[in-house]
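Student: Now for the letters of each chain:
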Amino acid sequence: MNHSNGRSAWQRFRRHHVATVCLGILAILLLMALLAPVIAPYSPTKPAGTFSQPPSREHWLGTDKIGRDMYSRVLYAMRVSLTVGFWATIISTAIGVALGLLSGWFGGWVDRTIMSFTDMVMSFPYILLVLVAAAIFEPGMTSIVLILGFVDWPGVARLVRGNVLSLRETNFVKSGVTAGMPGAWILFSEILPNTIAPVLVYATSVFALSILDEAALSFLGMGIQPPTPSLGNILNGAESLSVLTGKPWLWVPAGTVIILLVVCINFVGDALRDALDPRNLQ
Amino acid sequence: MNGEWMIETRSVSKRFRVAGGGALSNKTFEAVGGISLQIARGETFGIVGESGCGKSTVARLIMGIEKPTTGEIWFNGQRVDDMRPAALRKLRPKFQMVFQDSASSLNPRKTIMDIIAQPMRYHGVARGGEAKRRVSELLDMVGLSQGMAQRYPHELSGGQRQRVCIAKALSLEPELVVLDEPVSALDVSIQAQILNLIRELQARLNLTCIFIGHGLGAVHYVSHRIAVMYLGRIVETGTSDQVFEHPAHPYTKALLDAAPIPDDRQRGRRRSALTGEVSEVAPTGACCLYPRCPIAREECLAFTDGLKPLAGEAGHCAACARAWEER
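Those protein sequence lines, which keep their order, are chains E and H. What the first sequence shows, in numbering that gives the first Met the number 0, is residues 0 to 281, in sequence order. What the second sequence shows, in numbering that gives the first Met the number 0, is residues 0 to 326, in sequence order.
So that you can see chain E by itself, here it is in the shape it has in the complex (with noise of 0.2 Å):
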């Protein structure tokens, strides 16, 4: 894309006033998580007062029931929990593009092992596998990125098919072939540029998808260990009901912020699809 074409697609975003706004949040959490090392008062892991204070001028956020300043908690579980987001939907996104794109571009029994294979994955009981998984791997940050980039592609794989069957019907692609340009030139440079931006829309959702699966997997004790803190694991203090009903500064921002994300990451992504089809004039 060059230059002019990216700005028409910033333009185009902007004209969704609460996904710019949504932008301008993901941009503070991201810059907080980013910085936790240099703005956080406090060791995440260890003991820095006296536990379970309420929040105070010394602790933003309180302390949870070890003494540890929950502010500072916080913010490495944001870094925590983008990183595995980040990673689980590269890995995803690069599995289902390749996939989608072999299956679409072949045809044939390639196309019908990788989709039946896909269905099967699709299929699949979620949670369930995921925490075989977690239960056969050692859990932590490498192993829930790895099974969540591994379960979350189905979406990406069809999606990607689907647009390269539609794609290759278009005489742009036909006139490729009728000039004589080789097979994988058209798949790169004619099918594959124009699957981008769907692909990208899709990745924001699978991105929002992977952070609450973090949560809920670390939630369940399988995910991210502690003392290393996440969005889910802190949750997880947060279990009893006392705690939910007296003590909310344990468990309401960790909250918030995957409501957040969470949300953020989807309006952005939906501006997103309006604002990289070039197609969508002023």
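Honestly, the hints are just simulated from the structure, not real lab data. Even for Gly, the Cβ is constructed at its ideal location relative to N, Cα and C. Watch out, some of these pointers could steer you wrong.
[To be verified] Simulated pairs of lysine-lysine, BS3-like, Cα-Cα distance not exceeding 25 Å:
hint, chain 1, residue 1, chain 2, residue 2
1, H, 109, E, 45
2, H, 93, H, 109
3, H, 93, E, 173
4, H, 109, E, 173
5, E, 173, H, 131
6, E, 173, H, 307
7, E, 246, E, 64
8, E, 246, E, 45
9, H, 66, H, 109
10, H, 26, H, 66
[What the hints assert, rightly or not] Restraint ranges, calculated between C-beta atoms of paired labels, are given here:
hint, chain 1, residue 1, chain 2, residue 2, range
11, H, 113, E, 215, 32 to 40 Å
12, H, 216, E, 5, 41 to 49 Å
13, E, 273, H, 113, 22 to 30 Å
Got chain E sorted already, so can you dock chain H onto it with the hints?
Tutor: Just chain H, lined up with the frame of chain E:
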């Protein structure tokens, strides 16, 4: 076998599996039934017929996008329909196509410059700065300003896009250009401009063209010779003037008479209308027009002869027993 024809089809037919017949169904539909065409170097050959008569399938068969079910296709004395893909790919720049829908003919994510220059660079027709210069030349040739090179397809009008498609087809220096209803999707005022452009370029570059259309006027205007198709068969062929001024086949007559008459004085002209619908399939062995023909007789039920030359008119052929008698 003989090299004097630029393109030759020998009893080419194409059958498609009928969709919805189930996986095991062998029901087929014959889109093209045994067509033999010879097109000479440097001529524009028009193929005319109503929608669904198989004329676009003929174009796709000649372009090698579809493979014929039976029959052979020869290009420049070389059989191309059974060629190995790699060999065919080398030959492909020699025959190019312009599609009806110009909007889907250009990659929406590329500039006009890239769209035209990339195949030229790949085939080594022009490299580097040479390719850029060549694109300017081509844009100039099809009547577009130089500024268009940096635009994206959606920023152009339909007529401009079709000009780009023509430039793109010409970029590889082809010998044959197949134009599949190139003006059908355009406004009437733009149609004339594009037709003039096609005529002018054909003469200037001594191109061989196959012009496919359902607008009789357009086909007559650009073509030297014409074939009239009905239900996958050629029913009449001859020079443009022969077919238009002395139509022999009842289908051609009906097609000509169905065109609106702009001249008020001719309004009283007799109209030979066909009855019924295209979907009425003739009984096996009968002439394909039998159910709808105004002059059909019993002998037309057993019509197996194809095109036959008409007496006294060189190169004018028709597939109608009654037409042969009349001349």
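Student: Hints first: check each against the structure and report whether it holds.
Tutor: Hints, one by one, checked against the model:
Taking the CA atoms of residue 109 of chain H and residue 45 of chain E, the gap is about 55 Å. The hint is violated against a cut of 25 Å. Distance check on the hinted pair: residue 93 of chain H and residue 109 of chain H sit about 24 Å apart at the alpha-carbon level, within 25 Å; holds. Proximity of residue 93 of chain H to residue 173 of chain E is assessed by CA-CA distance (about 16 Å); at most 25 Å being required, the pair is judged to hold. The straight-line distance between the Cα atoms of residue 109 of chain H and residue 173 of chain E is roughly 16 Å, inside the 25 Å bound, and the hint therefore holds.
The hinted pair formed by residue 173 of chain E and residue 131 of chain H meets the criterion: a straight-line CA distance of about 24 Å does not exceed 25 Å. The suggested pairing of residue 173 of chain E with residue 307 of chain H is violated, with an alpha-carbon distance near 36 Å, which exceeds 25 Å. Only pairs whose Cα atoms come within 25 Å are accepted, and residue 246 of chain E paired with residue 64 of chain E is accepted, the gap being roughly 10 Å. Note on residue 246 of chain E and residue 45 of chain E: the hinted pairing holds, with a Cα-Cα distance of about 20 Å set against a maximum of 25 Å.
In summary, the hint linking residue 66 of chain H to residue 109 of chain H is not supported, as the alpha carbons are separated by about 30 Å, beyond the 25 Å threshold. Simply put, residue 26 of chain H and residue 66 of chain H have alpha-carbon atoms about 18 Å apart, close enough for the 25 Å limit, and the pair holds. For residue 113 of chain H and residue 215 of chain E, the hinted distance range of 32 to 40 Å is not satisfied, since their beta carbons lie about 46 Å from each other. At about 45 Å, the beta-carbon gap between residue 216 of chain H and residue 5 of chain E stays in the expected band of 41 to 49 Å.
Range check, residue 273 of chain E to residue 113 of chain H: Cβ separation about 25 Å, and the 22 to 30 Å hint holds.
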